[in-house]
Each structure stands twice: as structure tokens, then as C-alpha cells.
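Colleague: Each chain, letter by letter, is given below.
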Amino acid sequence: MDTKRENTESTSAQADASGTLEGDVTINGSGRMPNDIECANLKINGAGQCDGNVRARRIIVNGGGTFGKKVRAEEMSVNGDASVAEGAGIGALKVKGRMSVGGGLAVHEADVRGDIKVGGDIEADSLTGEGAFNVDGLMNVGTLDIRVWGTSRASEIGGETIRVAGARGLGEALRSLFGEKRLVADSLEGDEVSLEYTTAKVVRGDRVTIGTGCNVELVEYTGTYDRVADSLVGEARKAEA
Amino acid sequence: MDTGLISKKDLLKDTGISYGQLYRWKRKKLIPEEWFIRKSTFTGQQTYFPRDRILVRIERILDMKDEDLSLDDIAEAVAPDLGGIGVTLEAVVEEGLASPAAVSAFQAVHPDSEALVFGELLSLYLLDRLLATGELSLEESRTVLATLEEGHAAFEGREYDLVCIRRMGVAVCLLVSSSAEIGLESGARLVARMNVQECVEALGARL
Chain R
21 MDTKRENTES TSAQADASGT LEGDVTINGS GRMPNDIECA NLKINGAGQC
71 DGNVRARRII VNGGGTFGKK VRAEEMSVNG DASVAEGAGI GALKVKGRMS
121 VGGGLAVHEA DVRGDIKVGG DIEADSLTGE GAFNVDGLMN VGTLDIRVWG
171 TSRASEIGGE TIRVAGARGL GEALRSLFGE KRLVADSLEG DEVSLEYTTA
221 KVVRGDRVTI GTGCNVELVE YTGTYDRVAD SLVGEARKAE A
Chain B
384 MDTGLISKKD LLKDTGISYG QLYRWKRKKL IPEEWFIRKS TFTGQQTYFP
434 RDRILVRIER ILDMKDEDLS LDDIAEAVAP DLGGIGVTLE AVVEEGLASP
484 AAVSAFQAVH PDSEALVFGE LLSLYLLDRL LATGELSLEE SRTVLATLEE
534 GHAAFEGREY DLVCIRRMGV AVCLLVSSSA EIGLESGARL VARMNVQECV
584 EALGARL
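For the protein sequence lines, the chains are R and B, in the order given. Per the working numbering, the first sequence starts with residue 21, numbered consecutively. Per the working numbering, the second sequence starts with residue 384, numbered consecutively.
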């Protein structure tokens with residue numbers, strides 16, 4: 021095993037008996053940590069690889085971070101690129117750049133500017149941001165408020181408030197290089213569902229708004245339903261509440 | 384359609400809860416993942432739930448919400464963390480958690496046991512319910528206990544049932560995931576099938 025650690029500082033990182041996370045781990049340049057890590061602060065400036073499970077209060081990745089197993093943290097910021105192989109549980113997640121998670125991703129709050137890929141399900145109380153979102157499993161999100169560019173995919177999306185818009189404003193021309201802005205999903209269900217540039221088989225909710233660029237086969241609503249002219253809806257049905 | 388199941392749409396209509404509530408409760412683990420049963424229908428994928436259990440659970444959540452409990456409190460109540468408890472065998476009998484017959488069967492296998500952790504208590508409770516059917520001999524209860532004690536770990540975090548089958552005087556017991564259907568040969572008879580998670584909740588409520 022490559023245990024190149026000359027650029028790695030580790031100052032007594034460990035969890036004491038009560039489970040309090042202490043100590044800092046910093047990787048400057050490039051470094052690889054072969055074992056599980058429990059610490060207060062894990063910082064990667066450059067390229068870092070952690071082969072074991074990581075549990076930390078705070079994780080900051082500036083550059084590239086590769087996590088071979090699971091990651092748990094109260095806070096995680098990614099400026100650059102991070103990948104987690106076996107699932108992540110994060111209190112507050114901020115991504116500027118790209119993040120991919122092999123298993124499921126459970127977060128309290130996530131703000132994403134860029135590209136996120138999840139192999140399992142996403143569970144989040146709140147997920148905001150703009151970029152391309154690709155989720156192989158289900159998205160269960162209390163409040164989803166995203167602007168999509170490129171192609172985003174999820175099989176099922178459910179939550180309280182679901183707002184999907186197309187990216188606009190400065191930089192949209194640049195972003196169009198990533199391809200058409202569009203979210204593709206089998207189903208979206210929520211109390212309030214407001215969509216743009218979304219292709220879906222079915223949208224169900226209390227208050228449903230189908231905006232510009234949408235193509236939805238079936239809408240079922242219990243409260244209100246609005247649709248702009250610049251959209252395609254196969255059938256809209258009012259269901260009894 | 385299977386009469387034991389209820390579709391998501393009917394569930395929301397019958398209980399008056401919203402999509403948002405349902406998803407939130409799932410996120411907070413108030414409703415187990417296993418209860419979301421996906422089936423392909425001609426209109427695409429539909430989600431169904433075990434009717435009786437989901438209706439009872441939702442009623443309970445709504446009752447507790449009326450009492451102003453937080454979702455975390457409710458989660459604790461419906462899926463209690465019982466890892467840390469210890470109950471003596473005397474207390475088990477006194478509290479009526481299991482019959483003296485079940486306790487002595489348990490003692491025959493674990494002669495040194497005095498205080499039970501939750502897993503052991505659960506095994507004892509299940510054994511007691513099986514014995515109460517009158518279909519199981521004390522001798523056979525050894526197999527039941529061994530099956531439970533060896534099998535628990537493999538089903539960690541999933542819904543599973545304890546199943547007891549009898550054929551020509553021989554009892555066989557097994558653990559299966561709750562969604563599994565069982566087909567028996569004609570000479571065999573299903574003696575009991577009990578959902579372990581329900582027993583965890585029933586037991587949790589009495590501690």
C-alpha cells in the first residue's frame with residue numbers, strides 16, 4: 021500500500037471515549053491516509069485520498085478529495101472535486117465544483133453550485149443550488165429549489181416544496197455548452213410543485229405549476245393547477261382531496 | 384390488487400395527510416423504508432403500503448403531533464432505542480412480559496443468564512408468543528431460540544418475520560424478510576408467522 025504521507029500533518033486526531041471529535045488532519049500538496057480518520061477538522065489543500073471511513077466535525081476540500089469508504093461530518097465544503105465511495109451523512113454540505121457519492125447521501129442542508137452525482141438515494145431537508153443533478157435513486161427533499169443546466173436526472177422526487185427552474189442570466193450561454201438544460205424524472209410529488217424545463221411521466225401535488233419548457237404526461241393535483249402556453253401536458257386531472 | 388395493501392394516493396385521501404408530510408416522515412424514519420412497496424402497473428410505477436400497519440402508524444403519528452411532540456420524539460417512540468436496557472428474569476415474569484414456561488425454556492438454554500439485554504428479551508418474548516399457540520413443545524423452543532439468536536444479525540435494520548412450520552410432527556422455524564411469500568407443500572402447515580418489528584414495538588411500549 022502506498023503510504024505517501026510526507027505532506028500530511030496529523031496532530032493527535034482521535035475521538036475520546038465520549039465520542040468527542042478532537043484534533044486536526046491536514047493534507048497539503050498530495051497525501052494519502054490509509055486508515056479510518058476521526059477528527060475535528062479535516063482539511064485537504066491539493067489532492068488527498070482517504071482510504072478508510074471518515075468522521076469529522078468539519079471537512080474542507082480545496083482541490084480534490086477521494087474518500088474510499090463512508091463520510092460523516094457536521095459540515096463539509098467542497099471547492100473543487102470530491103468523491104465518496106460508500107455514502108455520506110452530512111449536516112451542512114456546500115459544493116462548488118463537483119461531488120459524486122457512490123451510495124446514498126443524507127444531508128440536513130445542501131447548497132450545490134456545479135455538478136452532483138449520487139448512486140443511491142438523496143435525503144435532504146433542504147437542497148438548493150444550480151447545476152446538474154444526477155441521482156440514480158430517489159430524491160426525498162423537504163425543500164428542493166434548483167436551477168438546472170446540462171441534463172439532470174432522478175427517478176423519483178418527493179417533498180414538501182419542489183421548485184425547478186432553468187439556469188438563466190449571466191453565464192447561461194457558457195453553460196449551454198453543457199448541453200440542453202433539462203431535468204428528467206419519472207415522477208415528482210410534493211405539496212407545492214413548480215417546474216420549468218422538466219420532462220416527467222407524472223407530477224402529483226396540491227399546488228402544481230407547469231412552466232416553460234416542460235413536457236409532462238400526467239398531472240394530478242388536489243388544489244390549484246397552472247400551466248404556461250410554452251409547455252406540454254398530456255393530461256391534467258383534479259383528484260379529490 | 385392485494386387487499387392487504389393500500390396505494391399511496393388512497394392513503395393520502397383516506398388520512399388527509401399530504402405528500403410533503405409523507406416524505407418528511409419517511410426521512411425522519413417514522414415510516415420504515417420497507418413499507419414503501421413499489422409495483423409496476425400499466426400507468427408506471429406505483430407505491431403501495433401494508434394497509435393496516437401504515438394506517439395505525441399514521442394515526443399514532445398524528446395523535447402524538449396533537450400532543451405537540453417533535454418529530455424526533457415521535458421517531459424515538461415508534462422506533463425506540465432499547466439497546467441499553469437490562470431486565471432480570473424475575474422482573475420478566477412479574478411484569479408479565481413472558482410466561483414462566485417460556486422463561487424456564489430460556490433458562491434451559493442460558494443457565495447463567497440473570498439480566499437480559501433487549502435482544503435476548505425479544506427472543507424470549509417471541510418464544511413466549513409461539514408457546515402460547517400451544518403448537519410448540521418446550522424441547523423445540525431450543526431451536527427457536529437458536530434460530531433467533533443466530534439470525535438477528537443477518538436481518539439487522541430490515542423488516543423480518545419469524546415463521547414456524549410443522550410437518551409430520553416435526554417443527555421447523557425460520558426467519559424471512561417480511562415481504563417474502565411462502566409456499567408450503569401440502570403436508571406442511573404454517574403454525575405461526577410473527578413480524579419481529581411489531582414485537583419490538585409492542586415490547587418497547589411495555590418497558
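Some hints could be false.
[As the list claims (entries may be wrong)] Now the in silico label distances, taken between C-beta atoms and shown as ranges:
id, chain 1, residue 1, chain 2, residue 2, range
1, B, 423, R, 250, 55 to 61 angstroms
2, R, 260, B, 419, 46 to 52 angstroms
3, R, 60, B, 491, 22 to 28 angstroms
4, R, 244, B, 559, 41 to 47 angstroms
5, R, 156, B, 479, 46 to 52 angstroms
6, B, 585, R, 253, 45 to 51 angstroms
Think of the hints as simulated: they come from the structure by calculation, not from any bench. Computed from a predicted model, the values in this text were never measured in an experiment. Cβ atoms here follow ideal geometry from the backbone N, Cα and C, with glycine treated the same way.
Colleague: Check each numbered hint against the structure and report the violated ones by number, ascending.
Modeller: 1, 2 and 3
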